[in-house]
Amino acid sequence: MTASTTSPTDQTTSGSRGTTPPVPEGAVAVTVKIRRFNPEVDPEPYWQSFEVPALPTDRVLNLLHYVKWYLDGTLTFRRSCAHGICGSDAMKINGVNRLACKVLMKDLFAGDGKQTTVTIEPIKGLPVHKDLLVDMEPFFEAFRAVKPYLIAYGNEPTRERLQSQADRARFDDTTKCILCACCTTSCPVYWTEGSYFGPAAIVNAHRFIFDSRDEGAEERLDILNDVDGVWRCRTTFNCTDACPRGIQVTKAIQEVKRALLFRRT
Amino acid sequence: MASTSAATADVTERAGSSRGGGRLYRGDLGMWSWVLHRITGVATFFFLFVHVLDTALVRVSPNAYDRAIELYKNPVVNLMEVGLVGAVLYHALNGVRVMLVDFWSKGTKYQRGMFWTIVGVWLVVMIPGAYFMLQRTITDLFGGN
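Chain order of the listed sequences is A and W.
In the numbering used here, each residue carries its 1-based index in the first sequence increased by 13.
In the numbering used here, each residue carries its 1-based index in the second sequence increased by 1.
No wet-lab data here; the hints were simulated from the structure.
Positions of the beta carbon are idealized from the N, C-alpha and C atoms, including for glycine.
A portion of the hints provided could be inaccurate.
Which stretches of chain W does chain A cover? Using the computed rule of at least three CB atoms under 8 Å from a CB of chain A, they are [unchecked claim]:
1. 26-32
2. 55-69
3. 123-134
Within a straight-line C-alpha distance of at most 25 Å, the following computed DSS-like cross-link-like pairs (lysine-lysine) qualify [unchecked claim]:
4. LYS74(W) x LYS189(A)
5. LYS110(W) x LYS189(A)
6. LYS160(A) x LYS115(A)
7. LYS270(A) x LYS74(W)
8. LYS270(A) x LYS160(A)
9. LYS110(W) x LYS115(A)
10. LYS110(W) x LYS119(A)
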């Protein structure tokens, strides 16, 4: 049997789970257009379309599963928890970075009974390994570079490091990050200047810079004062729009900028 | 200030970037305001470049300067003047918006509202402004009065 094909009629046995299951009642046939690339075979990435039945309650991830399980087992993408917690399935869906497990099909259906097309691409700015799978290492390098862990000097206390509710609330927003890379790979500055730390690294620095228990704020502010630090941010707000956790990313970056300007002498 | 080169060395030595050719990123309103800011900024820069050159002509010879200025008196340049005012006005207004985003703690929250406000101000200034700037050209071209 030959490998994947774009023709819907041939989509029977090349998936990883055998024959297609019966189409559920109320399902609508949608076109899933995927940016595919296999570095061992393809000289360039290309678009491939699949016809997939979709329920309004399906997530985009369900459609990808359908393609992989029943139509083309070679489709490669990341997903772990599939419930918006692990942050593995960040991808560019209809031109914006989203988690495939958090986008509902009912929000993507075209009106007036028109054919719905869902375009899915790998997130931009990171090297593509295969299909929707990108090399996350540059992203995690930037994350590690801002020292995203508690730094405290002196003797360790014999009990918990206490903190007031107000002090905890100061950095609450940036504790929500799941490191999915939606923000960093939505940033026009990051696309063209990969040495920029990127929104996610700054968010995770913010989480400790404004933590009253932490004593490493000066170190991190020095790191982010670098030419590739917060000053590269052009406040395009793509990161804030992309964050699946609703973190006010641009606000966090601006707070770090203002800390650099006004808090230090 | 402590050296940060060690911490950032890994980040800068990043492997090649992803392959392009995908569809355009459907970015936030803030992204498009930034794109426009860049375009109007570059356009204004090129105007200033030409403007410095033509004004410098007056030191070469006042007659040459007069002839250069005479060249500008045509409908196309008149339209470009309107475009220049529009570009400078947008760049100035959005510049104020960006400064508010930078320095006002609630700036990030109201960035969209501020964008639509500057669009409103731009229209309020440009609609009568364009009328008065183009009035003479239009009457010269199509007659009237």
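Status of each hint after checking the structure:
Beta-carbon proximity to chain A at under 8 Å applies to 7 residues in the stretch 26-32 of chain W; the threshold of 3 is reached and the given coverage holds. Only when three residues or more bring their CB closer than 8 Å to a CB of chain A does the claim for the stretch 55-69 of chain W stand; here the count is 0, and the claim is violated. Requiring three or more residues with a Cβ within less than 8 Å of a Cβ of chain A, the coverage given for the stretch 123-134 of chain W is violated, as only 0 such residues are present. Proximity of LYS74(W) to LYS189(A) is assessed by CA-CA distance (about 60 Å); at most 25 Å being required, the pair is judged violated.
Taking the CA atoms of LYS110(W) and LYS189(A), the gap is near 19 Å; set against the 25 Å cutoff, the hint holds. Proposed proximity of LYS160(A) and LYS115(A) is contradicted: the alpha carbons are some 29 Å apart, above 25 Å. Distance hint between LYS270(A) and LYS74(W) is unfulfilled; the C-alpha atoms sit about 47 Å from each other, more than 25 Å. Straight-line distance between C-alpha atoms of LYS270(A) and LYS160(A) comes to about 18 Å, which keeps the hinted pair within the 25 Å bound.
This hinted pair checks out: LYS110(W) and LYS115(A) have alpha carbons roughly 24 Å apart, not beyond 25 Å. The hinted pair formed by LYS110(W) and LYS119(A) fails the criterion: a straight-line CA distance of about 28 Å is larger than 25 Å.
Hint violations for this structure: numbers 2, 3, 4, 6, 7, 10, all remaining hints satisfied.
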